[in-house]
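Chains as they are written, first to last, in the working numbering: chain A, 122 to 549; chain B, 122 to 549.
Each statement offered as a hint is correct.
Derived DSBU-like pairs: lysine-lysine, alpha-carbon spacing no greater than 35 Å straight-line:
id : chain 1 : residue 1 : chain 2 : residue 2
1  : A       : Lys361    : B       : Lys289
2  : B       : Lys361    : A       : Lys391
3  : B       : Lys271    : A       : Lys271
4  : B       : Lys271    : A       : Lys141
5  : B       : Lys168    : A       : Lys271
6  : B       : Lys391    : A       : Lys302
7  : B       : Lys141    : B       : Lys168
8  : B       : Lys242    : B       : Lys343
9  : B       : Lys123    : A       : Lys460
10 : A       : Lys361    : A       : Lys521
11 : B       : Lys391    : A       : Lys390
12 : B       : Lys361    : A       : Lys289
13 : B       : Lys123    : B       : Lys242
14 : A       : Lys271    : B       : Lys141
15 : B       : Lys242    : A       : Lys242
16 : B       : Lys238    : A       : Lys124
17 : B       : Lys460    : A       : Lys141
18 : A       : Lys170    : A       : Lys302
19 : B       : Lys123    : A       : Lys271
20 : A       : Lys231    : A       : Lys306
21 : A       : Lys306    : B       : Lys391
22 : B       : Lys124    : A       : Lys242
23 : A       : Lys391    : B       : Lys306
24 : B       : Lys271    : A       : Lys170
25 : B       : Lys391    : A       : Lys361
26 : B       : Lys141    : A       : Lys390
27 : B       : Lys302    : A       : Lys390
28 : A       : Lys231    : B       : Lys124
29 : A       : Lys343    : A       : Lys306
Label-pair distances were calculated between CB atoms; the ranges are:
id : chain 1 : residue 1 : chain 2 : residue 2 : range
30 : A       : Arg241    : B       : Gly308    : 46 to 54 Å
31 : B       : Asp193    : A       : Lys170    : 53 to 61 Å
32 : A       : Lys521    : B       : Met122    : 38 to 46 Å
I should point out that these hints are in silico values taken from the structure, not numbers from a laboratory.
All figures in this text were calculated on a predicted structure; none of them were measured in a lab.
Cβ coordinates follow ideal geometry from the N, Cα and C atoms, glycine included.
Listed below, chain by chain, are the residues.
Number of protein chains: 2
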Amino acid sequence: MKKVGVAILGLGVVGGGTYKMLTEHREFYQQTQEIDIVVENVLERDKQKALALGVQESKIASNIAEICSNPDVDIVIEVMGGVEPARTFVLSALNAGKSVVTSNKELFCKYNHELEKAARKNNCGLFYEASCVGGVPVIRALLDNLQGNKVLSMMGIINGTTNYILTKMTDEGASYEEVLKDAQKLGYAEANPTADVEGYDAAYKLSILSSLAFHTKIPFGKIHREGITKITPADIQYGKQLGYVLKLLAIGKNTEDGIEVRVHPTYIKKSHPLASVNDSYNAVYITGDCVEDVMLYGRGAGAMPTASAIVGDVIYCATHPTFRYSTFKNTAEADPAVKFIDNFKSAYYIRLDAHDKTGVLAKVSSIFSRHNISVAQMIQEDDGKEDGHVPLVFITHMTKEKSVMKAVDDINATSEIAEVVSVIRVVS
Amino acid sequence: MKKVGVAILGLGVVGGGTYKMLTEHREFYQQTQEIDIVVENVLERDKQKALALGVQESKIASNIAEICSNPDVDIVIEVMGGVEPARTFVLSALNAGKSVVTSNKELFCKYNHELEKAARKNNCGLFYEASCVGGVPVIRALLDNLQGNKVLSMMGIINGTTNYILTKMTDEGASYEEVLKDAQKLGYAEANPTADVEGYDAAYKLSILSSLAFHTKIPFGKIHREGITKITPADIQYGKQLGYVLKLLAIGKNTEDGIEVRVHPTYIKKSHPLASVNDSYNAVYITGDCVEDVMLYGRGAGAMPTASAIVGDVIYCATHPTFRYSTFKNTAEADPAVKFIDNFKSAYYIRLDAHDKTGVLAKVSSIFSRHNISVAQMIQEDDGKEDGHVPLVFITHMTKEKSVMKAVDDINATSEIAEVVSVIRVVS
Numbered sequence: 122m123k124k125v126g127v128a129i130l131g132l133g134v135v136g137g138g139t140y141k142m143l144t145e146h147r148e149f150y151q152q153t154q155e156i157d158i159v160v161e162n163v164l165e166r167d168k169q170k171a172l173a174l175g176v177q178e179s180k181i182a183s184n185i186a187e188i189c190s191n192p193d194v195d196i197v198i199e200v201m202g203g204v205e206p207a208r209t210f211v212l213s214a215l216n217a218g219k220s221v222v223t224s225n226k227e228l229f230c231k232y233n234h235e236l237e238k239a240a241r242k243n244n245c246g247l248f249y250e251a252s253c254v255g256g257v258p259v260i261r262a263l264l265d266n267l268q269g270n271k272v273l274s275m276m277g278i279i280n281g282t283t284n285y286i287l288t289k290m291t292d293e294g295a296s297y298e299e300v301l302k303d304a305q306k307l308g309y310a311e312a313n314p315t316a317d318v319e320g321y322d323a324a325y326k327l328s329i330l331s332s333l334a335f336h337t338k339i340p341f342g343k344i345h346r347e348g349i350t351k352i353t354p355a356d357i358q359y360g361k362q363l364g365y366v367l368k369l370l371a372i373g374k375n376t377e378d379g380i381e382v383r384v385h386p387t388y389i390k391k392s393h394p395l396a397s398v399n400d401s402y403n404a405v406y407i408t409g410d411c412v413e414d415v416m417l418y419g420r421g422a423g424a425m426p427t428a429s430a431i432v433g434d435v436i437y438c439a440t441h442p443t444f445r446y447s448t449f450k451n452t453a454e455a456d457p458a459v460k461f462i463d464n465f466k467s468a469y470y471i472r473l474d475a476h477d478k479t480g481v482l483a484k485v486s487s488i489f490s491r492h493n494i495s496v497a498q499m500i501q502e503d504d505g506k507e508d509g510h511v512p513l514v515f516i517t518h519m520t521k522e523k524s525v526m527k528a529v530d531d532i533n534a535t536s537e538i539a540e541v542v543s544v545i546r547v548v549s
Numbered sequence: 122m123k124k125v126g127v128a129i130l131g132l133g134v135v136g137g138g139t140y141k142m143l144t145e146h147r148e149f150y151q152q153t154q155e156i157d158i159v160v161e162n163v164l165e166r167d168k169q170k171a172l173a174l175g176v177q178e179s180k181i182a183s184n185i186a187e188i189c190s191n192p193d194v195d196i197v198i199e200v201m202g203g204v205e206p207a208r209t210f211v212l213s214a215l216n217a218g219k220s221v222v223t224s225n226k227e228l229f230c231k232y233n234h235e236l237e238k239a240a241r242k243n244n245c246g247l248f249y250e251a252s253c254v255g256g257v258p259v260i261r262a263l264l265d266n267l268q269g270n271k272v273l274s275m276m277g278i279i280n281g282t283t284n285y286i287l288t289k290m291t292d293e294g295a296s297y298e299e300v301l302k303d304a305q306k307l308g309y310a311e312a313n314p315t316a317d318v319e320g321y322d323a324a325y326k327l328s329i330l331s332s333l334a335f336h337t338k339i340p341f342g343k344i345h346r347e348g349i350t351k352i353t354p355a356d357i358q359y360g361k362q363l364g365y366v367l368k369l370l371a372i373g374k375n376t377e378d379g380i381e382v383r384v385h386p387t388y389i390k391k392s393h394p395l396a397s398v399n400d401s402y403n404a405v406y407i408t409g410d411c412v413e414d415v416m417l418y419g420r421g422a423g424a425m426p427t428a429s430a431i432v433g434d435v436i437y438c439a440t441h442p443t444f445r446y447s448t449f450k451n452t453a454e455a456d457p458a459v460k461f462i463d464n465f466k467s468a469y470y471i472r473l474d475a476h477d478k479t480g481v482l483a484k485v486s487s488i489f490s491r492h493n494i495s496v497a498q499m500i501q502e503d504d505g506k507e508d509g510h511v512p513l514v515f516i517t518h519m520t521k522e523k524s525v526m527k528a529v530d531d532i533n534a535t536s537e538i539a540e541v542v543s544v545i546r547v548v549s
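Bound conformation, chain A alone (with noise of 0.2 Å):
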């Protein structure tokens, strides 16, 4: 039977579970793919998580050489997260012939160039399901089941975090910073939790997964982004009202006009698949032009869920020894033949503030018809406005976003009638 070594860097909590599973699995796995996964070494600073995993102390490698000269190791697991030192570690085991398996999105979307073009040098595998929405299969159904399609859009759910802070609110009722303090304290959200609610996670998701759909490397600081850090109740409750739920979305579209990638908070129909993909669950939904909708709905993150995305690598490295993935074009910037479009045509949902005098709603009407905002739906409500403040909720057809700003500023402008309290793009 043929022996696979491996190596894990960083024994953290995806790493604790990639060791659980290759090693209760290992007798499943002789029996089923005919291969003999073995874990030769890791590489983690606290000897004492290795121990208590069951590492024996021979098997804690003491630096990235010691790896990478051991000759029993063939797959290098790098699950350390961020750009240094898993960068480094990575061009080593690649540069050393070992083929490489990582779960680390910022380290793939930021220097995916390098590490691919180190791994065709050595002739070396470099797989990455892992980085992309965990256990979900979103990178091989892209790379080898969807490939045949020239994909129109996809609009994803791809960060637990926010995802589980949004369903709270949304059940609950609840102010986002009282959701954060309880998502920390369960170990849904970070202590400094800016990565994930302020979308630069989900950002570098998109970059590597619209790379894969679109066929040309789209660059992390190509994407529109924005956090759900001023999201409150009262947005979720009038998006409720009008037949939507608010997610972060994460969206790529690929149109005749150019390429638009963008994350921000989202309103979608209550009917929309993605409506009801809540808690702590994940899921891309992809059109192709052959195979209309599709949708991939699973756990984003947490232990077992990533480590089945890391062994599936694993075990697709070992069985399949001469293929090496091609991935996206083999570039660190955009093809500068590629437009990418930052005006882009949305639907919005507009919150203002109305200070309760005669014509605030025309004045707004005529503000709108300016900018050639068109306007669906509508909400005023009469109630608590003691203080003369009344809320007042548009949502628009679709527009550009470029005429929805300059409406805001010219609304806020008149800041003694109207204010601007929320403005979010709304997906039918």
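Chain B: place on chain A using the hints.
Frame of chain A, contents of chain B only:
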């Protein structure tokens, strides 16, 4: 650029879609996959059909031998359906050294061992993603993404026709017969709908999918199969009242006691992700020991979604020249060491026609208790009992199939007081 010659056997709905996709996307595949896919031959008795699609007359083969001896054909696409002559043609192609891509679930379910043997002997590829659930990427997900997991269970809505019929019956309260007629008019059901409505099509697919998931051959004959022809609007209505949606589910479970595989109408809780898979959409819900729950959703049939799966396989086959699929154990029959469970456990919906005599509930309750069946929910309605007949609906707790069947016999033996109208399994 590498040239890849293909031949298409059968230009029906799927064959026509495949021809269209390959020819219209030829330049796209040159750009994105660096291969030039050329349709070198088609095999289609109806010459006019081929010409109408734009096939050059010189490319229309008169028989399979012509295709097998054409050195320009690398890959044969079989989209004829049915066992013969598809089986003979596929074997001829493999024996002539051509790789094969097929969408034929019946053929692959029944003769996979023979086809795989021929593929191995001739070092040819054999791909069948399109045989199960159209454009939904489920086979490669099981083989290449989730293969590190012990799959505990799968539940699928894997037949478009029956899901369309049940959705319409649910939405419109119409009878099975009415909706079937409409579906036939719209092309969603065939003139002879048996393969779909009696669950054969779903059982072929379940045989293939569960063989992959459980790493052992699951023959068609081991699958408990019931269709939807006896479903009434009343059952759908009572299910709704109790919070359930009725679907034709294909279920596979791998437990310590053995494997259970079954296709039958099933109530599922309204909140389950499968409950909102409607119309001709399909989905497979897979639970693995590490990945937890994954759902793959999309168009399970139709010309272009199925063509998407076929073309995905063609590209995969062409770009992975040294890789030939290993599939499930290459046998015709089940491994005698594997135990199949026919006395499985489930919750049950049992509807009685009670003749409204004193003591009917006591009598039925005593029968249930004799067979260790306990009741979780009950509906007793007093409406419409002018003729002395009252519907009585029970949902049981988890119980054994055979206990329920015995209880049904015992109740029917008391035909002067009550009769069983329907028995439908329930998944919570």
